[in-house]
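> Heads up: the sequence lines are chains A and B, in that order.
Residues in the first sequence are numbered from 170 upward in steps of one, following the working numbering.
Residues in the second sequence are numbered from 2 upward in steps of one, following the working numbering.
Since the hints were derived computationally from the structure, they do not count as laboratory data.
Heads up, the beta-carbon is just placed ideally off N, CA and C, and yes, glycines get one too.
Among the clues, some could well be false.
Have a look at the derived ranges for each label pair, beta carbon to beta carbon [claimed, not checked]:
id, chain 1, residue 1, chain 2, residue 2, range
1, B, GLN21, A, ASP269, 53 to 61 Å
2, B, THR225, A, ASN611, 45 to 53 Å
3, B, LYS66, A, PRO591, 24 to 32 Å
4, B, GLY117, A, ALA530, 24 to 32 Å
5, A, THR195, B, GLY117, 56 to 64 Å
6, B, GLU180, A, SER181, 54 to 62 Å
7, B, LEU219, A, PRO591, 43 to 51 Å
8, B, GLN21, A, PRO591, 30 to 38 Å
9, A, ASN375, B, THR225, 21 to 29 Å
10, A, ASN611, B, LYS66, 50 to 58 Å
11, A, ASP278, B, LEU219, 39 to 47 Å
12, A, LYS463, B, THR225, 43 to 51 Å
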Amino acid sequence: MKTFRIGGVHPSENKLSAGKAIETLTLPKQAVFPLSQHIGAPATAIVKKGDVVKVGTKIAEAGGFVSAPIFSSVSGKVNKVDTVIDASGYRKPAIFIDVDGDEWEETIDRSTELVKECSLTPEEIVAKIKEAGVVGMGGACFPTHVKLCPPPGCKAQCVIINAVECEPYLTADHRLMLEKPEQILVGVTLLMKAAKVNKAYIGIENNKPDAIKLMQEKAVAYPGIEIVPLKVKYPQGGEKQLIDAVIGRQVPAPLAIPINVGAVVQNVGTAYAVYEAVQKSKPLFERVVTVTGKSVKNPSNFLTRMGTPISQLIEAAGGMPEDTGKVIGGGPMMGKALANTEVPICKGSSGVLLMNDKEAARAEAQPCIRCAKCVGVCPMGLEPFLLATLSSYKEWERVEKEDIMSCIECGSCQFTCPSHRPMLDYIRLGKGTVGGIIRARNAKK
Amino acid sequence: MANKLIISLSPHVHSGDSVQKNMYGVLIALIPAFIVSLIYFGVGAAIVTLTSVAACVFFEWAITKFILKKERTTVGDGSAILTGVLLAFNLPSNLPIWIIVIGALVAIGIGKMTFGGLGCNPFNPALVGRVFLLISFPVQMTSWPQVGQVTSYLDAETGATPLAVMKAAIKAGDASILEQLPGSFNLLIGAPGNCQMGAGSLGEICALALIIGLVYMLWKKIITWHIPVSILATVFVFAGLMHLANPVYANPVDVLLSGGLMLGAIFMATDYVTSPMTHKGMLIYGIAIGFLTVVIRMFGAYPEGMSFAILIMNAFTPLINNYCKPKRFGEVKK
């Protein structure tokens, strides 16, 4: 079975909510929409206090080409345009909407009927995706339409759908495949058309045999789409690792991007959002979020409107356990620890993970014993121990030469370190600093 | 509730691996060899091993507490115990206690703690102790008891080891001397065969027991195959070529199975701290150790070259680390 070639680790899967069907979460009392919930320029608010909005009303316009508009997920009145602490921990501008009823924009097709046919041209599909505010739903939130517009000189050869869900605990993508397989496949077909290719691969790790089987059965009716079962290994959901696993090509070091090897990678949730945007004229304002953790009473998958506070999801899953030590937005390998539970669900929120006191505490770091395990597991072929040490000594020039900018921050090194060294903390510091140095150097030129 | 949430960067989970698990894992892998040494050397093996371990642990504890004045000692991580066992395994089973204690002091004191303790030492501490003793007490360090004397310690009858026989054959230029060797199978299981020979250091006599340890460590992912396999393969090929060129050099299988080669390749050269960090580097390191070992055994003054070969390559480890980089993801061949 296929997998990526360099490094990798096997964290305990803990997919506690894999058997739980997607439930629709009740509406929040107030929904909060941070203006930057994607990579690129923040969106600009186009509503003001007192404006009345419906479900699907555009409330913020894209702030540039690499940006995405934001749509209200609720109907009601704009309370204020202010700031909120989002999942990154920073205070950012946001729109607050008080919920009143559930009135949808008439343009949205709310029927559950599957719409297969699409007569739009590739350009029209891209335009619709862009206009619906669709971004990568795996967590990075890169605007989808940008990936479908290759830079001059590059040509896409295939679409690769990331249905790996290699983060432990998370099951949102898994459930989506089990419950909306046809919609996903239509979405993939649309992405193929938009990218002007006739081949698509859907990479699924073999810890989801039911999803692989179902998708394989359904995919027969969709020419050009191939389901690729993958051997379970973290970080297979990393874009570069997935391309290597599926088509055996390695994207060179930055600044190279996947399109340089002919691949357009999209998350399976994004494919579903594309289906809804293009076939149902429904902008991106809700998504599936996994709420899970070993002490959580009912680990669940919720279809959640954007802007819902995380606290409401936790309540719906049985409340915050007494022993909670850490609340993580996302999975345990790359997710962010949250300081408060009023953080709103955004386009990239794939899960909420509650860890108990014992799991949450880091063990004390011991001296490096030079066991080389971090070198062995690094999926980018780097030397994490060296990058961390050099960064701690502020040896920026050397750390740049050691390819620190290739690090994808997957955390495999720190996960595997017998001495519990906080390597990735230092590597992030180094990446940040070296990134600044590189930008300053380029600005001078 | 919200006021006691922990904030830290990802990853939020850990494999559960630890320094202790690795150290005790190696110790578990050494159990078969220890059992064999007890069967063959009895009391002597027990006394030497216990003395060495106790002395190493004591010196590490005393140095961290009274000289470095640290609040917490590092004895619990198991590395001092491991150094003690490896030092003992490299000693003859009839060595007097006071010499063992000196060896332990040199191993822990000079080999490890002077550089800052675990993770900082450039040379394998057990080998530093062993080579110090070999140079300081050449007589006691090279008289090896014959196997099977389970009740004797200092009074054990000694004899020539297979390595000494091989050396004698080379010196005399007479291949018939090699007929005194007990045979490959006996070397593998550590049996003396039909001739009464001194077996060697107490941990190295049974190649099979050491190989079981290797399999265990590979299974538990404590070490990778690169270092032991590259050493053994190099020795086999190099010694094989020498044997083909001139039969006074022993056949390569006997070379592999005799002396400290297995112990060194499996347990000493693979020491985390003093071996290279990349797979490419490990292969270079292993090939060089294998080469140097055979060169010392066949052309040097000492019958055994493993310890010296490893220590020499320990010195090259930083250089190897500097030049051997892992293959980067997406690297294009220049």
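> None of the hints should be skipped; say for each whether it holds.
Here's how the hints hold up against the structure:
no.: 1; hint: GLN21/B / ASP269/A: 53 to 61 Å; verdict: 59 Å, holds
no.: 2; hint: THR225/B / ASN611/A: 45 to 53 Å; verdict: 40 Å, violated
no.: 3; hint: LYS66/B / PRO591/A: 24 to 32 Å; verdict: 27 Å, holds
no.: 4; hint: GLY117/B / ALA530/A: 24 to 32 Å; verdict: 27 Å, holds
no.: 5; hint: THR195/A / GLY117/B: 56 to 64 Å; verdict: 59 Å, holds
no.: 6; hint: GLU180/B / SER181/A: 54 to 62 Å; verdict: 58 Å, holds
no.: 7; hint: LEU219/B / PRO591/A: 43 to 51 Å; verdict: 29 Å, violated
no.: 8; hint: GLN21/B / PRO591/A: 30 to 38 Å; verdict: 19 Å, violated
no.: 9; hint: ASN375/A / THR225/B: 21 to 29 Å; verdict: 25 Å, holds
no.: 10; hint: ASN611/A / LYS66/B: 50 to 58 Å; verdict: 54 Å, holds
no.: 11; hint: ASP278/A / LEU219/B: 39 to 47 Å; verdict: 59 Å, violated
no.: 12; hint: LYS463/A / THR225/B: 43 to 51 Å; verdict: 32 Å, violated
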